[in-house]
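Chemist: What follows is the residue order along each chain.
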Amino acid sequence: MTTTMDPRIPPSRQREKPGQDLKWIGKGIRRVEDPRLLTGRGKYVDDVVLPNSLHAAALGSPHAHARIKSIDVSKARALPGVAAVLTGEDVAKSTGPLPCFSNPPTEQRCVAIDRVRHVGEPVAIVAAESRYVAEDALALIEVEYEELPVVMDAAEAVHATGDAVIHPERGETNVAIHRVFEFGDVDDDFAAADAVIKRKLRWPRSGAQPMETCGATAVFDEGEGKFTIHVNSSMYNYVGWLIAVTLGVPVHKLNLVPTLAGGSFGSKLFIHKVPVIAAVLARECGRPVKYLEDRIDNMTACDHHGSDRIYDCELALDADRRMTSMKCTVIDDYGAYFQFGIGHHGNALSQITGPYQIGSVKVDITAVFTNKCQQGAYRGFGSEVSNYVMERMVDAACAELDLDPVAFRKTNFIQPDQFPYFIPTGNLYDSGNYPAVLDKALDLLDYDGWRQKQKDALAEGRYIGIGLATCQERSVFSSTEFWSLNDEAGFALTSSPEGVSIKIDPTGNAVVSLQAPFWGNSPETMATMVLAEKLTIDPANISITYADTDHGVSGTGPGGSRYTVMLAGAIVGAVDTIKDKLFKIAGHLMEADTADLELRDGAVGLKGVPGKEMTIADLAMQAHFFRLSFPDEPGFDTGLDATTTYDHPLTTMPSEDRKDLGIYYPIMGHMCHMPVVEVDIKTGQVKFLDYVAVHDCGTMVNPKTLAGHIRGGTAQGIGTALYEEYKYDANGQLQNASFMDYLVPTAHEIPANMRIGHVETPSPFTEYGIKGGGEGGRMGAPPALAAAIEDALKPLGVKADFLPLTPAKLRGLIREAEAS
Amino acid sequence: MAKMPVSITVNGQRYEREVDPRLLLSDFIRHEIGLTGTHVGCENGACGVCAVLINGKTGLSCLAFAVQCDGDEIETIESLGTPSDLHPIQEAFWENHGLQCGFCTPAMVLTAHELLSRNASPSRAEIIEAIGGNLCRCTGYQTIVDSIEQAAEQMRAGKEEAA
Amino acid sequence: MKPSAFEYVRATSVDDAISALSQHGDEARLLAGGQSLIAMMNTRLAEPKVLVDIGRLSDLSYIRVDGDALSIGALTTHNTVLQSAEVAAHCPLVSAAYANVAHHTVRNRGTLGGNLCHNDPASEMPLVASLLDAELVLRGSGGERRVAAEDFFVDTFHTAAHADEILTEIRFARQGAGEGWAFEVVSQLKGDYAIVAAGCRFAMVDGVCRGVRLGFVGAGPAIKRVAAAETALEGQPVNGATIAAVAEAAVGAVDPHADMHADVQYKLDLVQALSERVLKQAASRAV
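Chains as they are written, first to last, in this note's numbering: chain Y, 137 to 956; chain C, 23 to 185; chain S, 158 to 444.
Same shape as in the complex, but just chain Y:
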């Protein structure tokens, strides 16, 4: 690999090379996390029970956009069992705005002060002896609103003026940001094009909707002037300190304690409103307060709705049917606040041209405010949308130019010998083998066989379609993603580290402290496998804990499919430190040169001399209790532990003019999804006949858990493609704020036997060559399903340019096609 030849590419910091003979990495071992979860012993946020606790509830605004003229909480306060009722003004006396990562920020309060901007935004909060009483109190709060014009349509929002402007302090417009990014000579490439394909595409607003909502239990210790908040949030060891800023206490006067999270999929990336509400009430009441969103709170006000975009795209092709350039104009409906700016588009730009050799690209981004819950993170963080767009454009090109979708992709793929490969935006793809992934999928599916079955079925009047999507899964974000698209960079951070602490106890067991929570991924299993591999100890001798902010070091946590890669880096570094000390001790006791020692099977042994070794357990006992056995040098000081921080393995700065975004999402995975569906043209219902997904996530740590991510992500992608959408009416009411109407697929709706394949193209930059794989399913299924449905309905000439393709909507398309 010639990674150091290009001066734009920093040298690889990979210490553990791929392709070693490994004992644990690559094995589908059962998860370490599971026994307690299977038996109901896992402690989630609502399982934190502190004596004398109060329970909170929030009164959500019934209006999408209104001024709060007055609030009368007297009846609520008088209700027996109520400890506190606070309005936005009450809260603001001690507490500032919520953390916001956009620049300039939008001012969002945990309880609105003078204006509400979406249905469900809290206007008052209550702490009472039980959640039942707290909700009784909510019903007694009297709020007088002056309704303001409601802005719901993203395209119209651009033109809003006067009272329809949602954040007047940012200027007389609902355009949060408008920027055009151009990489390469787009105009030239289009002028030279032999064919130009145009499409308008619509990606709907859906959301993660984990089975557990967000929650927090807060305690304020008046004696110490310190908050302790138990919360199911991530990123607490990264940006959790901002909660202290909001609460108006010094950062060291807040301890955030993680709990297990019952799913996140991004939506618990950084929970701010919920812990602040609990903390404000705890400080007011002098008692612990638990605030747990109910499902309505979560659906209307979780601050983590997914992307909501309207695209206008053009794709240029040359006479050889190679894609040369792409132009996209996108309006993105960000809702009422703007916590991450347009970071989602930074994410998308890291792989905007997909797995293809496309020389230039132009993206015109308009982010608008509307009276909806704000966007946050949901599995893909904006790149799932650009995958959909890229693949829809490829399919459109194939349809209009009568090209074979398989051959066309193969022609346009970045070839295996072209890596590392810079795409026009300046991001680097570290490695890949896209033809291998596609071939494996075609083979697994029996593509030719299904094409024949499709023909036979059509002769019987049945509409079968075979979908194909070949997509990227960028992994391991660098924090430049958060600000590089801003007009003014703002807080231009460049660190996104992951730390770990490992302590070897006197009997040789390891305790690993993670800096980020469990949120449904497998951090304990990953840590255990990598540590067992590297230190050659048995997984049974490893236990995992989660460091709170008092005891933690730096840790960014899961997100952007980064955690396994980053944690492996941290563990490799920590074990190297521990290993050095073990070798020093062993070398002294065995009278051997440390250079002649090696780790083998839980012991330090003399290379080439079987039987000449000391176990890690014996050495640990020496390290902890027998200081006088060793020289009086610092390297022999008591204890056996290490705390290590691993920085992003491969990132560079963007250029000032943003013609080059730098390397910021380079650990590049790839996938091929191939669903086979049957469409009932009379009812618009879609049924799965088959489904194959092949992923390349570099070196696999655990095939079992990786397949779990792929299947689960695919189920969510199926939801996005066929069922899920937050449906706001023209007045800004969220009509489907329950699982009765927000339709999460059940066991009936997913493929009965989805088959998974793997290709392993290791990263030259990460430990062992691991790449991220947490988001892939949801980043590939939507375009694959759109393609399958369009393929099924090809005889009718149906184009599927929006999601979700619900039965009613799909039947509508079929009806139109039949009529024409």
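All clues stand as given, with none of them false.
Below are the DSSO-like pairs computed for lysine-lysine, each with C-alpha atoms no more than 30 Å apart in a straight line:
#1 K79(C) to K179(Y)
#2 K823(Y) to K437(S)
#3 K930(Y) to K437(S)
#4 K79(C) to K347(S)
#5 K589(Y) to K347(S)
#6 K206(S) to K211(Y)
#7 K179(Y) to K840(Y)
No wet-lab data here; the hints were simulated from the structure.
Got chain Y; can you put chains C and S on it based on the hints?
Modeler: Only chains C and S this time, still in chain Y's reference frame:
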């Protein structure tokens, strides 16, 4: 409203409490007797996460009042296996990666338990029908169906061995 | 999401329940399986002051053949009905429709009577009761009366039962041997409420349909059976022409409303498509 006495047997132990009539069974289990293995996902009867066994049959504990269950026998996930001595169903979920975040898992396991107690050899379709009301946002369900299928096999084999 | 406070009365007999209802009037609601009511109470869409729990009246849980009728006690759970061999034998339409009602765990506690009294416009069972000429047996302080299904389902969430009355029994007409019947549902997720469902039954006498019952869920707030469509088939054979005529009559007679999941035209398309499907299927079953 005045509190009412209830006597509810949970996992073989009788609990006598004075409760508000409106106290949901889910809150009784979690808060009154402190068994937090039963989770709550929507309180609307639409996600299945809070299912427990009520007199041997699955029921949503968010759609029952504790007072309604006076005299009933409830089983929660805590009655099945322990981390060091898993029930065969739990063992199969572990082996087949039938869980990720674990939040829906107690209800899934109990639903499987009820299914296998009335049908020792369910087809995959019957398994899907049984868990059709239990939402899982992590797994995509296929490995849950695999888990229940394998648990059924092993429980049948276990019975044959015992016989 | 917690319910408002209420007074709880556990009825020990039907008469006990009737007297509780009489005492509390409109403030009281009956609690059977609670699978719809408690969900509404948790969101405070329903805030009854008094709940009269009839869930323990086990003498209202039974399935028995009673002459030409199949009598089912109102508190028989959905799963009991679904799994009943007697129901499958005498009223297969009920079993078929039940396969699409909710999910297993909800069916364990939800009751047939509770479902019918709730009269959710998207629920399958009121239609099934109409198609099977069911009589609903109501008991109240004024004694017992029987109401035909056609008269019982008045409007969305509204039935002919008086505030002090309890539905005690549902008497379905037993389906004749060799009868043609079918039931089809379109919902987005299986077990969800129907967008549109269709059911039909008829006797095939000398090659033509007699006693036609044909109706829909989702065809309009108070619409179950559709007379125009039934008339179009009565006395006719099932063939391409009559199927088209019936479907056309049905589409012309229904009055579906748009909702967040489906527009009117889609529901009309489903009325059309499901009319055709149930007729074909029913004809294939008829002997």
